[in-house]
Every structure is written in structure tokens, then in C-alpha cells.
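Peer 1: As a plain string of letters, each chain reads:
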Amino acid sequence: MNTKTRLVVGVCALGLFLAQGGTIWAQEDSVVEVAAETEEASAPITAEITAETVKFMVDNLWIMLAGALVFIMHLGFATLESGLTRPKNTVNILFKNVMIICIGLLTYALIGFHLMYPGEFNGYFASSAFDIFNNGITVAPEDAAQTANLTSAYADYTWYTDFFFQAMFAATCATIVSGAVAGRIQLRSFLIFATLFVTFCYPITGSWKWGGGWLDQRGFYDFAGSTLVHSVGGWAALVLAYLLGARLGKYNSDGTPNAIPGSNIPLVAIGVFLLWFGWFGFNGGSVLSADPALVSLVLVTTSIAAAAGGVAAGLTSWFFGKPDITMALNGILAGLVGITAGADQMSILDSFWIGLIAGVLVYMFVIIIDKKIDDPVGAVSVHLVCGIWGTLAVGIFGAMAGAEQLKHQLVGVVSIGAFTVIFTLVVGIILDKTIGLRVGASEEQAGLDRSEMGMEAYASDSVG
Amino acid sequence: MNTKTRLVVGVCALGLFLAQGGTIWAQEDSVVEVAAETEEASAPITAEITAETVKFMVDNLWIMLAGALVFIMHLGFATLESGLTRPKNTVNILFKNVMIICIGLLTYALIGFHLMYPGEFNGYFASSAFDIFNNGITVAPEDAAQTANLTSAYADYTWYTDFFFQAMFAATCATIVSGAVAGRIQLRSFLIFATLFVTFCYPITGSWKWGGGWLDQRGFYDFAGSTLVHSVGGWAALVLAYLLGARLGKYNSDGTPNAIPGSNIPLVAIGVFLLWFGWFGFNGGSVLSADPALVSLVLVTTSIAAAAGGVAAGLTSWFFGKPDITMALNGILAGLVGITAGADQMSILDSFWIGLIAGVLVYMFVIIIDKKIDDPVGAVSVHLVCGIWGTLAVGIFGAMAGAEQLKHQLVGVVSIGAFTVIFTLVVGIILDKTIGLRVGASEEQAGLDRSEMGMEAYASDSVG
Amino acid sequence: MNTKTRLVVGVCALGLFLAQGGTIWAQEDSVVEVAAETEEASAPITAEITAETVKFMVDNLWIMLAGALVFIMHLGFATLESGLTRPKNTVNILFKNVMIICIGLLTYALIGFHLMYPGEFNGYFASSAFDIFNNGITVAPEDAAQTANLTSAYADYTWYTDFFFQAMFAATCATIVSGAVAGRIQLRSFLIFATLFVTFCYPITGSWKWGGGWLDQRGFYDFAGSTLVHSVGGWAALVLAYLLGARLGKYNSDGTPNAIPGSNIPLVAIGVFLLWFGWFGFNGGSVLSADPALVSLVLVTTSIAAAAGGVAAGLTSWFFGKPDITMALNGILAGLVGITAGADQMSILDSFWIGLIAGVLVYMFVIIIDKKIDDPVGAVSVHLVCGIWGTLAVGIFGAMAGAEQLKHQLVGVVSIGAFTVIFTLVVGIILDKTIGLRVGASEEQAGLDRSEMGMEAYASDSVG
Amino acid sequence: MKKVEAVVRPNKLEDIKDALTKQGVAGMTVTEVRGFGRQKGHSETYRGTEYTVDFLPKVKIEVVVSDDKAQSVLDTVIKTAQTGQIGDGKIFVADLDQIVRIRTGETGEEAV
Amino acid sequence: MKKVEAVVRPNKLEDIKDALTKQGVAGMTVTEVRGFGRQKGHSETYRGTEYTVDFLPKVKIEVVVSDDKAQSVLDTVIKTAQTGQIGDGKIFVADLDQIVRIRTGETGEEAV
Amino acid sequence: MKKVEAVVRPNKLEDIKDALTKQGVAGMTVTEVRGFGRQKGHSETYRGTEYTVDFLPKVKIEVVVSDDKAQSVLDTVIKTAQTGQIGDGKIFVADLDQIVRIRTGETGEEAV
Ligand SMILES: Nc1ncnc2c1ncn2[C@@H]1O[C@H](COP(=O)(O)OP(=O)(O)O)[C@@H](O)[C@H]1O
Ligand SMILES: Nc1ncnc2c1ncn2[C@@H]1O[C@H](COP(=O)(O)OP(=O)(O)O)[C@@H](O)[C@H]1O
Ligand SMILES: Nc1ncnc2c1ncn2[C@@H]1O[C@H](COP(=O)(O)OP(=O)(O)O)[C@@H](O)[C@H]1O
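Chains as they are written, first to last, in our numbering: chain P, 1 to 464; chain A, 1 to 464; chain Z, 1 to 464; chain U, 1 to 112; chain S, 1 to 112; chain C, 1 to 112.
To be clear, the hints were calculated from the coordinates, so they are not data collected in a lab.
None of the hints are false.
Derived CB-CB ranges, DEER-like:
#	chain 1	residue 1	chain 2	residue 2	range
1	P	322	A	219	46 to 52 Å
2	C	109	U	83	19 to 25 Å
3	A	248	P	410	55 to 61 Å
Listed next, the stretches of chain S that the computed footprint assigns to chain U, with coverage defined by at least 3 CB atoms under 8 Å from CB atoms of chain U:
#	region
4	33-44
5	55-69
A short list of chain C residues far from chain Z (calculated; beta carbon distances all over 12 Å):
#	residue
6	36
7	66
8	80
9	96
10	98
11	106
12	108
Here the structure is a predicted model, which is why all the values come from computation and not from measurement.
Every residue, glycine too, gets a C-beta built ideally from N, C-alpha and C.
In isolation and in its complexed conformation, chain P is listed as follows (with noise of 0.2 Å):
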């Protein structure tokens, strides 16, 4: 307890100090700061209503619940996960959501929304982006020009909406590796790991296209990200899965797989159900505003190719055999990202199409890569495999559809993933070598909830 107190009273005494730092600081400039949150920010609203200001309310208020739509997202990334894993590492593999969407907030506050957005990364490094102790977390508007951040002169949402739909949605970037490394990845390493790819790496491949960089100017489409943030997050899956080797006993001597069953088919089908739901905040709210044609397409074109996804896996998976409820929900994850990067060019039939094909995609791919790469729930399958799927189908399919736009969007999926591969070769490699990528046999036998967390995911009341 002693030096528990003192951890705390430490803490409590630096935030005090930083705080009054703080306050002091803000102080000066103090009329502006707090004028700007609260009452002058909001001044040329209640001054003069106009149909203006309104459809900035509305434009507004549609990214922000957009961005609690993909907040949930998390949660489904964490019972999906959870259920297709075993129940000896199902604590493990929650903390691990759990603490990228909470350090993936923190760090995309810090660093990556600078990187990323403004674009900064494009100017190499401008200062400011960097000038993390002003610019950085605080993300307040300290003088005028940040002041209009919050209004229409901004965007059609405020600064701070924009933060919070970009920040949620990096997160899930790091969520998708997740599963594909669980059951024998420490626990350490991949919190380092998940950091530095949220901060870094998603950010600056993003910022090539969304921040306004060269893959943009060159023409690459990618509406909500199958590309920026699916195949990101599944490249880096499937290089940290090949990095770490197969779970014991996923490989017989002949080299054949053997199965391992998931723990628990309810908690996976509430995640792909809340992943579906968290899904039109993603797709929708990348329209960037409540355009009332556009983002009721959007919905429209996510909801069917979600579903021919799930009927295209579902019906396969029982030709071959039974009708495995599994597949059936990888496959509407994959038609979700498979129509993620046309989903405002695409017609009804079109994402139809686009859906079925991610869904078909999906159940081979989880065979084919089952062979060799042990992937507990289909990261790869679903992420990397349809992310490019969806990311080419932009070529193919809908209104941009054509030879010179296919070539744009192979462009942006080879950089891309390119850049990820390297970054997380590098990253993990360097981790192998330091403190180590993968628990040792007897802990991962033991279950990395025995070994790693002290802690069991059902305790029963008899038997302690």
C-alpha cells in the first residue's frame, strides 16, 4: 500500500500542477478560450438562426452520432473475437480491445489526427504538427482562426466532431490485428505494437488520401476506407500472424490444420450484429454531412451487400457441408468492407454483386490461409482479402467504374499495403528480437489468461 499511496499522490500532484500550469496559462488568454467553448462558439447560432447554421446543427450532429456508431464498432470487434477464440484467453484478448480503443483515443490525440488530417505528414513534417505540447492533446481553440473550427467555417461539423468520428475510427484499425495474433501473442508486445500502428503507420498511409496527399491528387477513390483502414489493419494481421507462427497444436507434423473451435457462437454473432449497426456511422458518416441522398444510398448500398455477403458465404459454406453460422457472419463482415470503399458510387445491384462475390471471397480465403497461417477469426480473410477486393471493385463496378480508375486503386493497394507490410515487419521484428513477440509454450498451454492476466473468463461458483 505504501507505494501505492505514493504512486497516487504522485500522480495526483502532477496533474494538480500540470492543471494549474494549465489554468494559469489559459488564464491569459482565458476571455477567448472560454468564450470560444462555450458561450461565443455558440453565439452566431443562437444570434441569428438561419438555414444555414441549422443545416450545419443537423450536418453536425449526423457525424458525431456517426461516431458513436463506430465507438461500438469496438465492442463488436471484442465479443467477435472473444467468441471465436478459446475461453482460456478470452480475458487476454478483451483487455487487448479494450485498451487500443482507450490508448488509440490518447495517441491519435496526441499525434495521429495532426498527421493525418491537416495533412501535415503531405508538408514533411511542418512544425506545427509536431508541436505536440501545444497543438497536441489540448486541441483547444486558442485563438481566433481556431475558434472558427467550430463553426461552419470549418467543415460541415465542428474540429471537435471531427476528432471524434476520425478517432474512433482509427482505433478499429489496430482492433482488426487483434484476433489474427490471439492465443499467443504477449501481451506487451502487441500494446507497443498496436500503439505505434495507430499513431504512425494508419495515419500516414491515410493521409496520402484522405489528408489530401499523392494518392489522392492521383486519383485513387477510397470512400470509408476498405483500403486505409481494412486491408491496413489485415496486412498488418496477416504479417504479424506469419511473424508469430500458428497457436501449438493448430499444425499437425504433416503440416494439415487442425480445428479449433470457438468458445462462444452468441458472443461472435452480438459482434458481427453490432459491427453491422456500427457500420452505417462508418460508411454514412463518411459522407461527411447529413446529405439526405446521399447517405440513405450509402445505407442502403452497406445493408445489401452486408447481406448477400452473409447469404453467399452462409449458402457455401453449406454446399460444402453444414451450413456453418460462422461463415455466414465473416461473410456479411466481408460484404461490409468489400462496399467500404464504393459505397456512395455503387448502384443497388452493383453493391448486390460487390457483396456476394466478398462473401464467396471470404469462405475461400479462410480455407486457403487456414492452410498455412493460423488466423483464429478470419482478419485476413475478411480485412485484407476484401479490403482489396472492394478497393478494386470501385474499378469495376458503379459510376467510376474503368480501366484508368482500376489502375488508381491498384496503385493505392499495392502502396499501401507496401507501406504496412514494411512497418510492421520492422516493428515486429524488432520486438521479436528485444522482448519478445510470442509467450513461451507452457503459458500459452496454460492459456494466456492463467499465464498473462490471473484471471478466468467464466468462474463457476463451486470450484475456486
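Assemble chains A, Z, U, S and C with the ligands onto chain P, guided by the hints.
Peer 2: Structure of chains A, Z, U, S and C with the ligands alone, referenced to chain P:
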């Protein structure tokens, strides 16, 4: 793998072929199409922002959100039903719920929506309703007239939003059935039935009222579907459960019922809370605009009825024994179903009484029905009994109360019930005579998860 | 069945009688009522659509959605608490959570809302507040003045929306208590306590600030309820847990505590994610309008504090042993409770520190409190300790920081705490002396699910 | 005293319990187990990968009875659990040295 | 060697384990079981339908000890598990032919 | 006939099953149990409070074989389950009076 590869290649080729066809064909009027979808449709809004266009945005936003809320009801049904049935049938029931929403969305896009809403069925098969390859899944705005479908000229929401909301609604109807037939129906028979049900039965009876058909003209009132959705689902549940017969072991040789306790009560609670949450969209969205007075009244009547139903069923079960959480939860659903027909017509006190009576009714009918018909989740008591109660309540309580209205309500209940019963009987008997409705006794005893799905819902670490 | 039939007939008859009475009585001014509810209330909006009316729609829409989000927090509490307690008490705790929201909504409509908001309690029992049969559950707009309650003349939202949002809030307060007393309190005693608590205690202290009472006038600030909701719930949790004593087996004869691990960690994670999700409505809705700058600021401060709390508690537990997911999850809640009092007053950096300190505090206090008081879910540490911390933080961090404000905050914390403690003590002791607070030892050992509920949470297939 | 241990199909438990109770058996203990015998497991597909489910769920019923009653218990279990299909299960009978009723401390036949 | 098998109330497990460990018992195996004896199940209502819960949750503790220690283990279990209420449970003692410690391959008394 | 009861590490189950099947063992019954022996539990922290996990998860494999095969079954289990670390488990062998195949009613060696 060879067959698999061929299948996949085939599907992809087909998709690409159709897509190319589609693209080429779209080329002709691509100027119109693309423009309609991305630029021009939103053009009128960005061109001149008036209070009217912004009101359209708000209304449309609310209906889109309501659609998303109705979507999450499918997760609610999935967890509710898998919690109330035995663990050996959990994967099976989850698969059914997952497939229904997927299939439902697709067939509703193909046929159901056209059949129900433009009221084509009322026009007795006007050609365009079945011109499914042009108007069908495509639903793209191909000409000027249809571009208007994306503006307020169509309604307070876009054509796509309309589809999104109504399609989510339609699928709930089929999901109601799956709980009542749990544990003994063949998967394929159920899926065929559900597909036909959501494609034909629901849209046809639905068009009588919401498509502006004969019941609507007579004065029948059903705000959000106590009859059109819930009792339709409930009738089908009753008839199919009757055709199937009870689960083995449900009744003793002397005809007395045995209790077959649910396997996972937390899942049941999750299900009911999510259904209540989704019902805010189900009833609130049925206002079909974001009208502050009406939508907020509806949210309050909905909540009060749910609360009264929960308290009534919970206390009643306590009064006759021990407090039964599954009854309390069914009572909440009973209150929700009961208020649905008149949620916009009731005072708060009315909604309290409607919910309270629904809660007592559901307690009584769960017990009564259980004596003869095996309905594991109480679908008939909740959706049929309280659906009828709620529909009649419009003639007894609230703004429309009166003998005349009560008569209209009765006509609606009976006519829609009769159609649904006949539809279900015909399809059910045909299925029974052909591929069979029910699984074999040994499959049933082993559990559908083992026999039909080849997967366990809850796998443990150690024993294969 | 005879008694049952009689009961049901009785209830129905009573309902019909009252309804008829209501209808007849409503007949007199039905022109006003129906009109108010369906046509005229929305008439001003459809009549002339101005930017003002549309702004009213947006604001109202957001508060309605925020109410729905707060509603889902009840599911969060239900799963959190059932995951952290033993399987033999799961049904019991779910029943409590289900009943609280139902009862809470009804009594809040009957009494609480009137007591708290028009600030009637501040007017010391002005007659109308307790004229519950006219103003009570009915809450119908009976005359012109009340019809105005459905327009922007009332607020930025309708009277119904106000009730919807505030009622969802109120019930959370009682739910906080249920976790702390899990596993040993009599169901009926708990329900009586919770009903009185949500009907009287919460609205009375609430009216001191949000009803415009004396604390409000003195300058006490509590944006969304760190004190008014969370510490009020936390004090009641502390007092009741103290009155009840610990669960059998919690403490050894030498007074050292034993760990009683939670039964279902995925449910705990689901609960916390849903609570965070709901908190977007809890804090974001407390802006009481859809003001883009303020609401988006609040969503960001809320998220950053949650993330900081989760990281702080997670890492602290890791530092002192193994990474404890229940601590990380409690840390997220701690951050959320902490930021609630000043979510609209803080910069992002402030909210980071508030969350961080809350996370460390919750870690420390869970351990300290566990030495003496048995609080299975950490409700006291999360809601009381961090509720106080968050309230004081308004005087330390952010736009209002200052010694004067800190004093106001202290006065609020102490006065509201004192009232709540006395209320809980009095009601608790009376219950203890009359019907008893605690179940018998053998009931407790068998588990409340067996002894009080007669149902198991997780039934298996084979063994009855 | 004998301990009769029967491994049977889970869905036969109710019937066996009823039959034994009717015949005066005063107690039994039931465990959920998994096993295989002649009835081998079967091959399943999980996410496209075949695997064999070697063990099928069974229920183990343990009944302790006095020596003279052992045979009738055996007969009852056989009669009730038999379907004629493989997978019906097995019965093992073993001798017990001693048996104690904890509540009273009675031992031997008294304690059954 | 003897195998002492005690079926007891779940909440007595901790105490029994502590008592036996103190007395030098080197190992034990615990299984969650359900059972009935004099303590019959009780009737419950699920969704309005009555049913009998025949089997109550118990814990089966298996302890293998050398012949001479069997009685003292018996006594300890009886003392610790007894509440005097029906449902206290039962103890069965059987003889073992052989016992092996897998790690070392030791057999007999050595292996206990 | 002998009943060979082995309490082993859960992750050894597959291997033991394969080895025994290869050797012609016709059936077995598996139960999830918890236990301790030389391998004591370890202390954990739950929400800051230390507690000891006394029992570790094990798997109990019961194999009934004719007397002559008992030793070879024993040997196979030892060979397959041994890692040399404490926690490898134990094997208990007991004599059976009788054994019945329910499906056919066969008894004795026939029924194994
Ligand atoms: N030799 C054995 N040793 C232990 N348990 C056995 C043995 N044989 C069968 N069992 C148990 O009995 C159950 C039923 O076996 P079953 O397939 O009916 O056997 P058979 O038809 O060979 O008699 C098995 O699942 C297993 O649990
Ligand atoms: N004859 C028996 N055979 C097998 N198990 C028994 C027998 N009698 C009792 N048990 C087990 O012991 C447990 C406790 O029995 P209890 O009701 O205390 O028995 P009694 O009071 O008859 O001694 C039962 O739940 C059951 O698991
Ligand atoms: N004396 C015993 N009685 C019953 N079970 C035992 C006994 N000793 C060991 N076991 C069982 O064997 C398992 C493995 O024991 P282990 O620690 O390997 O024993 P040791 O090293 O002492 O031989 C234990 O978890 C327990 O289930």
C-alpha cells in the same frame, strides 16, 4: 478445393459479366445516373439552403436512424431466442436469425418493397411491380422522375431511406416466427418458409393498410404494426408451431407440460433491452418525420407501456409463485407490442393501462398456450395475443376510441389474421409433404447444433 | 388458474373502466387534446417552416436520441453487474436491473419529474406537484398553456422529450446501488428501497441544482451529474452495503478479505462499452440542445477522460501485479463519472488529467474499500469516489477553476451527500427492522437464483 | 455395498432416475462426461477445416446400493437406457469398502 | 491404497480442502456433480409451468491415501462437512489396486 | 476387468486418446475436473485482493479394460502424459466386479 475454386471463379465471372453489362448499359444514361447519385441529387440542397431543405434533412436523418434502431432489433431477437432455448440448439437459432435479416433485405429489395409500398398489389399486379430486373434490386433513380425520389418531392425522406426503414421492419416479422419453432424445425424448411413469408405474405397484408389498400380506406388504424407486423408474425408462429408439434419431452404421456428452462438468461435480458431500444426507432420512426411533438409523445407512450408491461408481468408471476424474470421480460415486450398500434394516439395514462393489461395477458397466455402448443420463447403470447390486444386498444383508449373504430380494428385483425393463417397453412403443409418440416427424433435429441449445424455454441478448452 | 383468471379479468375490467372514464372525460376537451397531440402541435411547424422551427426539430431530435442512449446504459449496468457477481446470483441481479428501469419510469412520471423539474420542491410542496392524479402519470397537454409545452416556447425540446430524457437519467441512479448489494439483499426490500429512492431522494436533491434550487443559486456546478446522479447513487450504495454487511465468506476470521471472482468477464466488457456508448447521450444530451460546438466538445472530453481512466487503472493494476481487466473497465467508468460534472468546461488536456486521476483513484479505492466493505462491483469507488472527484475537479481544472468555485462544489458534495446518507439510513433501517434487509444464510449460500428466483441463469442440456 | 456406474445418453437421465426412484433407490450422483465406445465420433467441418469430434456428451450416473440390490438396479438401467443403437452406453459395477452418511455419521448399509 | 470419495455441499469445499491439507493429504481431485439422496429436489415454476429440480449441485472430492490414513481422512471430512441438515452428503471408500505418479513413474504408496 | 483412471493435463488428452486407440482400446470416458497434488495452486490477484487458486484444471480419463491389458494401458498413458514437470498427474487402477454393454446386455470381457 477444385469444385470450390470452380464455384468461386464462376461466381466472380458471373458478377463481372453482369457488372460490365450493367456498366455498359449504364453508360447510356450514365450522365443522369451518376449525377443523380452523387452531384445533382444533393445539388438542390447545396444550391439553396432553405428552411424546407433543412427540415427535409432532419426528417430524413431521423428515419435513417430509426431504420438503424430497427436493425438492432434483429440482434435482440437473436439473443432473446438463443437465451430461452437449450444450448444444444443455440447455433441453429442464431443462424436462422442471421439469415432472415440477410435474405429479408434482399427479397424485400427484389419484390416486397414494390409489392407493398407503391401499393402495386392494390393495383393488382401492375406490370412495373414485377419488372424486377429493371425496378427490382436496382432501385436506382434512372430518370428525372426517379431522381425526384431523392428529394422532398418524394416524402419527408428519400426513396432509399424509405426502403432502408421498411426493409428492416419487414424482416422482423419473419424473425418472430423462428423462436416459436425452435429446436425441431428443419433449417432449410424454415428458411424457405421465412423467405416466402417476407417476400409475399407480409407485403400483401401490409399493402392493405400501409400501401393505402382497402383496410386503410375503411378506417382501420395500425400506427406501427401491432397487427401488420406483430400479429402477422404471431399467427405464423402459432400455425407453424401447431403443424410441427411439440419438442420431444415437452409433454408427458398424460398431456401435462414439462418446463424446458432457457439456457442463458443474461442473453434473454440483453435481447429484451435491445428490442426496447430498437422499438424507439420502430415506433418513433413510424411517425415518418422528426415532428418534435409526435415523435416525443410516441417515445414516452412506448416507454411507459413497456415499463407497465414489465412491472405487471413481473409482479403477477411473483404473486403466483416466484418472481420470474422471463415473464417480466416478456411483459416488457408485451407492453411494446401492445402500444405499437396506437402509440401516437394515446395519452400517457392510456399507454400505462395498455401496457399493464398486455403484461397480465402475456403472463396468462404463456401459461395457457403452453398447455397445448409448444412455443419455447412465448412468441405467440407476446406478438399475437398482445398484437391483437394493442390493435383493439386503439378503439378503446386514446384519441380514436369509439365503437365504430373498434369495429374497424376487428375487421383488420380478422382479415389479416385469416390471410396469414391460410398462407402459413398452405406453405407449411406443402413443405411438410415435400421436403418435410421437422427433423428426425434422433437429430432432435442430439440437438440441432450437432445434427444440422455440426458446431457447438459453447466449446470448452479441454474436451474435444 | 381460477385465481389467475379472476385476477386478469379484474385488471382488464379496471383498465377498461378507467379508460372509459378517461375517454369520456377526455371527450369534453377532446378537440383540444387530440388536436394538441396530433395535428395542431405540429401545425405551427408544417404551417410555416422557418429556420427557428427546424432548429427546434434538430435540438429535440438530439435530446430524444440522447434519452435513447441513456436508456441503453441500463443494459450496460445489467450486464456489468451480472458479469462481476457469481453465477448463482445472476438472475436475481438481472431482475433488479430490469425492474428498476420499469418502476423508475412509472414513478418518475407519477411524482419524480414533477418534484424535480418544475422545481416544485423548491416551492415547498406547491399543490400542483402532488396533484398526481391530474398532473401525474397523465402528463397530457390539457389546455392551451400545456400545448405550448410541445413547441419551442417550452425549451429547445418538447415537454415529452424532457420527460423522456430525465426519466432515463433518474433510473440510472437507483441501478448504481444494485451492484453494491448483490448476492445478499432481499429482492422485495431492494425494490422498495429503489422505488422510494428514485421517487423521492433523487428528485429532491436533484431539484436543489437542476430544478433551480438553492445550490444552483449559490453557484454549485454539476453539468451532467457527477454528484446529482453518481455520487447520490454511490452514497446509497455505500450505506446499504454497510447496513447489509458482507457476503458470507467474503472476510476471513482475521478480517482479511477473500476475492470472489466475477462469473462472466465478457458480460463485464459488454456492460462497460455500452455504458460508455450511453454516456455520449448522458453527457452530450445534458447540453440540452444540439449546439455543434458544445456537444462535440462534450463528446471529446467524455471520450478522452474515459480513455485516460481506462489506461490509468489498467496500467496501475499491471504495475502492481497482473493487468486486471476489471480494473481497466472500472477505470473507464471512473473517467466517465469524473468528467461528468464539468464535461462542458474542460479543455481536452483537462479531461485527460481528470480521467487519469479518476482511474488511479478507482484502483486505490477498490482495494481500500474492499478491506472493510463488501462492494462486489466497485460501485462505491466508481460512482461515489469519482463522483466527488469529478465535482471538485470543476473547481480545479477548466474554465471555472478557482478557489471560490471549489468551495461551491464542496458545499454541493457535502449537502447532497448528507441528505442521501440520511435518507438511505432511515429507509434502510426501517426496512431492516420490519421486513428485513438480508436473506437468510442458507438462501445466500444456495444462491439467490435458487432461493429467491427459482431459476438458474445458465441451464445445461442434460442435467435437470 | 456396490457402486453401479452407468454411462448413458443424456436424454435418458430423466427416465432412469424415475425408474430407479420408483424401485426405491435412495440417492444418486450425476456427472456430465464425454466419451466414446463403439460409437465413434464423427467428422465435422469448422470454418472449412475437417476435424473429428471424438467424444460425445454422455451422462455418468453413480448409484450406491447394497449388494443384493445391485442386480436389480443393473436391470432397470439396462431396460430404461437401451435403444438398440450404438451409443447406448455402459455400466460398471465395483465393490465399495465403506460408506458414510455425513449428516449422521452412520456407516455401511445404514448409510445407503 | 484407498480412494475416499466424498459428495458434499459446494460451499464446504474450501474448508475440507484446508482441513485435509493441514492433515498432510498431498492431493485431491474435485468434480462438479449433481445429485440427490434424502435431500430431494424441490418444485420450481418456470414460465408458469411447475417442474421438479431433482438434482442439486454438489461437489465430489476424491482423495487417494494409504490404507492407514483412510480413516482419519474420513473423520476429517465428516467433521468439516457436517451441518446436521439433510443434504450434507455421503462418503464412499473403495480399494485401489495400483497408483502411479506419471511424472516419475513411481507406484504404490510412494506415489500417493 | 480393471478401471484405469488417469488425471492428466488437459492438453494431453488428444495424444493419450490417439495412443490408446492405436493400441486397441475400445472406449473411454472423460470428465473435466480440478485438482492439486505436488503441483500446488498459485496466488492470484483479483481486483487487488490476493487469493490462491488451489485447484488447477485437469482431465480425468477413465478406461475400462480386461485385466491383461491394464498394464499396457498404464504404460501408454505414462509415456504419453509425461513431461517431467510437476502437474503431470496420476493414475489410479481399481478392480471392477462387473461390466455391461447396455445396447446388447453383454457382460464381462465381452462388453469391454
Ligand atoms: N472401455 C471403456 N472404458 C470407459 N468408458 C467406456 C468404455 N466403453 C464405453 N465407454 C463409455 O460408454 C459410452 C457409450 O459407449 P458406446 O459407444 O455405447 O459403447 P459400446 O457400444 O462400445 O458399448 C462412451 O461414450 C464412453 O463414455
Ligand atoms: N445411494 C447413493 N448413490 C450415489 N450417490 C448418492 C447416494 N446417496 C446420496 N448420494 C449423493 O450424496 C449427495 C448428498 O446426499 P444427501 O441428501 O445428503 O443424502 P442422505 O441425507 O440420504 O445421506 C446427493 O446429492 C448425491 O449426490
Ligand atoms: N492423492 C490424490 N488423490 C486424488 N487425486 C490426486 C491425488 N494426487 C494427485 N491427484 C490428482 O492428480 C493431479 C495431478 O497431480 P500432480 O500435481 O501431478 O501430482 P504429483 O506431482 O503429486 O504426483 C492433481 O491435480 C489431482 O487432480
